[in-house]
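**Q** Place chain B on chain A using the hints.
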Amino acid sequence: MVRIFWYFIFFEFGRYVVLEFWVLFVYWLGRKKRAEDWENARQALRNEMPLVSLIAPGKNEGKNIFKLVKSLNEQTYQNVEVIIVDDGSDDETPIIGRNLEQNGLIDKFIRNDMRGGKASAANLAWRYSTGKFLLHLDADCSFDRTAVENIIIPFYLDPEIGGVGGNVKVRNGHVSLCARLQSIEYLKSISVGRIVTSYLGIYRIISGAFGAFRMDALKKVGVWDIGPGLDGDITVKLRKSGYKIHFEPKAICLTAVPTKFSKLWKQRLRWSRSLVRFRLRKHLDVFKPHKGWRWGTFMGFVENVFYNFVLDIKWYIYIIDMMVNFSSWIWFLIPMNLALYMIAGFMQQLSVSLWSERSEEERVLWFYVPFMVFYVAFFLRFCRTIAYFKELVWKASYRDPWNPQKSSYQALKNGY
Amino acid sequence: MYVEREVEFDSAKLYYVDAIIINSPEVALFEKVLREARMHYDAEIYLKPIFCVKYDDLPLQVIERCDGLTDVTQYQEIARITRNIKTRIGKLFLQQKFPSNDFGVMYKTMQYLFTRDKDLKPFISRQARLNYVYPFLNLQLEDIDHLKVLKVLRTAVKEGLMREEETLDKVHLCEDCHSAHHNIRETCLHCNGIDLKVQDLIHHFQCAYIGPETDFMQEYTDELICPKCQKILRHIGVDYDKPSHVFGCRTCNEHFQNPLFTYNCVDCGKISDIRHLQEHLIKKMSLTSKGKQLVLSGLPKKNYEEDNKNNEIPGIYEWPTFKNILKQEKARTAFNSGKTFLGKVTVVDEELNSISWREKLTLRSELVRVIKSYLKDYDMVTVATTGEFYYLMIETNINKVNEINEMIVYNLESLVKSNVAKSKVRVEVVSKPVVHNEEVVL
Chain A
1 MVRIFWYFIF FEFGRYVVLE FWVLFVYWLG RKKRAEDWEN ARQALRNEMP LVSLIAPGKN
61 EGKNIFKLVK SLNEQTYQNV EVIIVDDGSD DETPIIGRNL EQNGLIDKFI RNDMRGGKAS
121 AANLAWRYST GKFLLHLDAD CSFDRTAVEN IIIPFYLDPE IGGVGGNVKV RNGHVSLCAR
181 LQSIEYLKSI SVGRIVTSYL GIYRIISGAF GAFRMDALKK VGVWDIGPGL DGDITVKLRK
241 SGYKIHFEPK AICLTAVPTK FSKLWKQRLR WSRSLVRFRL RKHLDVFKPH KGWRWGTFMG
301 FVENVFYNFV LDIKWYIYII DMMVNFSSWI WFLIPMNLAL YMIAGFMQQL SVSLWSERSE
361 EERVLWFYVP FMVFYVAFFL RFCRTIAYFK ELVWKASYRD PWNPQKSSYQ ALKNGY
Chain B
1 MYVEREVEFD SAKLYYVDAI IINSPEVALF EKVLREARMH YDAEIYLKPI FCVKYDDLPL
61 QVIERCDGLT DVTQYQEIAR ITRNIKTRIG KLFLQQKFPS NDFGVMYKTM QYLFTRDKDL
121 KPFISRQARL NYVYPFLNLQ LEDIDHLKVL KVLRTAVKEG LMREEETLDK VHLCEDCHSA
181 HHNIRETCLH CNGIDLKVQD LIHHFQCAYI GPETDFMQEY TDELICPKCQ KILRHIGVDY
241 DKPSHVFGCR TCNEHFQNPL FTYNCVDCGK ISDIRHLQEH LIKKMSLTSK GKQLVLSGLP
301 KKNYEEDNKN NEIPGIYEWP TFKNILKQEK ARTAFNSGKT FLGKVTVVDE ELNSISWREK
361 LTLRSELVRV IKSYLKDYDM VTVATTGEFY YLMIETNINK VNEINEMIVY NLESLVKSNV
421 AKSKVRVEVV SKPVVHNEEV VL
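Here the protein sequences line up with chains A and B, keeping their order. Using my numbering, the letters of the first sequence map in sequence onto residues 1 to 416. Using my numbering, the letters of the second sequence map in sequence onto residues 1 to 442.
Same shape as in the complex, but just chain A:
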């Protein structure tokens, strides 16, 4: 049994079901202490009421800006400045942005006539931010009324926290099967998965869609470097500089995800390439002991590289192992494996339902859990494999049109 299902038992079930349930249980036990600390931190925040800079860099986000601003105006925390950077849009973004600025709905609208890439746009917004904390937002996101307040409070829980990641959920899940599957994926990997990694101290990506940073910490690490994957990169930079990273499940942001598999494929290729570029190249020093080396950062990297890169290769080894050594059992193994993964999927969905504040609305997702097996096991795995291969062999991320060529060329030349 173990010989046949070793991959599932040791790596998948052990990590994503047993470990997660255990951590969540321990996390649940500490809820009273956490609630007390939270209340004290909230009081500290309310006493100080620091200025918070909300920045939204982006290109061709005209259609989303007004919705974003409306969502920000509804926030319970109001001592904010809103800065929108238009990175060389060729749609109506400049007109909308200037209009919002002139009407006082946002504090600054800054436009680059020439596109410089997401990192430079974020850096420009940072340059003109005057808040004590900075929130990096994606323009196509909207926020719960308490989101801004809830993402700032953790800074008052622990002064060593340099960055806080928000809980990003899917807003357009109802549009297509592709979006539904991503809804489940986000709930598992972000809403619940990051509670676990944050608790274990190995939380590794403050999402670019909704992340908060201490302004002095950003300055210390030299703000954002060229992407793609700049959100993961800056999180590592903060960790390497000695800051703690925290995930805040109560700071909820809704984002729009790709509704077609073709678009999702491109997005995931880009995301996956960044694992090789940043974990295995730029920040390889995390694996070597040095001044400022930290266990948490190291383990986060190990977990990330092992579960995404190593196990990705191992899966193919497992398939070959089964085909070579258990070829006569193959018609039993395939449905059995699928059934096991489905059971694990439902168990994870149960943990999601227990933790989610929107479990009623998310009940419909139970129906789609069986499809997740195919989505994760095949779609995402093949996508990752191709991305890793291309990045390892051809450094494909430096040719990604997501960044302007002028920046990518310099990044490649100088090892960024």
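Since the hints were made in silico from the structure, they are not lab data. What you were told as hints is all true, and nothing was included just to trick you.
For the chain B half of the interface with chain A, some residues (derived, Cβ under 10 Å), not all of them:
hint: 1; residue: L201
hint: 2; residue: H204
hint: 3; residue: F205
hint: 4; residue: N258
Just so you have them, the derived chain B footprint on chain A, three or more residues with Cβ under 8 Å:
hint: 5; stretch: 112-122
hint: 6; stretch: 401-411
Model, not experiment: these values are computed from the prediction. Glycine residues also receive a C-beta, built at the ideal position from the N, C-alpha and C atoms.
**A** Same frame as chain A, now just chain B:
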């Protein structure tokens, strides 16, 4: 009439001349003559040809508003023009009453265009609050009432009397005082300060840092060094580019990319967003055939009689009627023992020039009502210009005349002082008996 100096110009003699030739580079003299003539109520005077002798640097406001420039020795051309104008004036129906003041202005302008046989082409002038002056028309309304110029022209077009020709310019007028004189400047979005400094933004490709040029500038060298990665930026397009710019306010230290464009009105001091300026098109205008027909045949009676009925006061006459009555009165004195006196009332006040055309009209009718109130019903009054009135007292004596003159002086001065701010009005009344076969000179 040949005018070289102001003292040589006598508006009373305008009836007896064919044209006026001004031989002086002084704009003030030209303005005075033009005003006296063109603002006269009598078509014979306000349509009188006015020429100027050529001088170097004669301003546009003179060249565009006179009927031609001439050489002191070459009068043939202006004689021809004068003849043409006179011939055309002869064809006009000399309308005296109009349904409204605005219509009167429009009608007179149409008469002017017809007699000159040309289009109404505005010329640019820094003196005009609209920045453009329509010859003849502006003078009728005065620059204080400059927006009315456009209104009158719009009405003329609407009525089909004039047509719009080419668009010459676009003017932007202050939302309060409608002046086109304003200073446009970039102002801070946050404090409305005008002390702004614009800087290029520099984007360092290698590390994605982006900030204003001062972030990269070194104090003692000309090098650009990235504040994030300390690399030297050597080559634009290779190491860095300048994707945009940013304004910094030196008053409040705020930064922004799109300053507010405001205007400061030179005339009324209003400061506001330039989007509040009112846009108007300045067009050349021409007379339509309907317009020509109107000035040739006059207005149908019903158009204005009703409107003017309430304004009529017994004993107040138009100038031509008054002149005819004066002639008859001269003839009558030969057979009558009672004396008739011709009086001239002059209201001298510099401040009268500062009030609007509409206010002038109101004041003029008030003044004439006051004069008439001291006269008998069968005595007659007429208005020559805003500050010049004539009366005819019939069957009276010198003592009575002097007594009435004193009262006129006192009451007119009081009236003007109470209506015109800072007025230093002086009212003079001269009266002489009307004698058979003798010219009365006042």
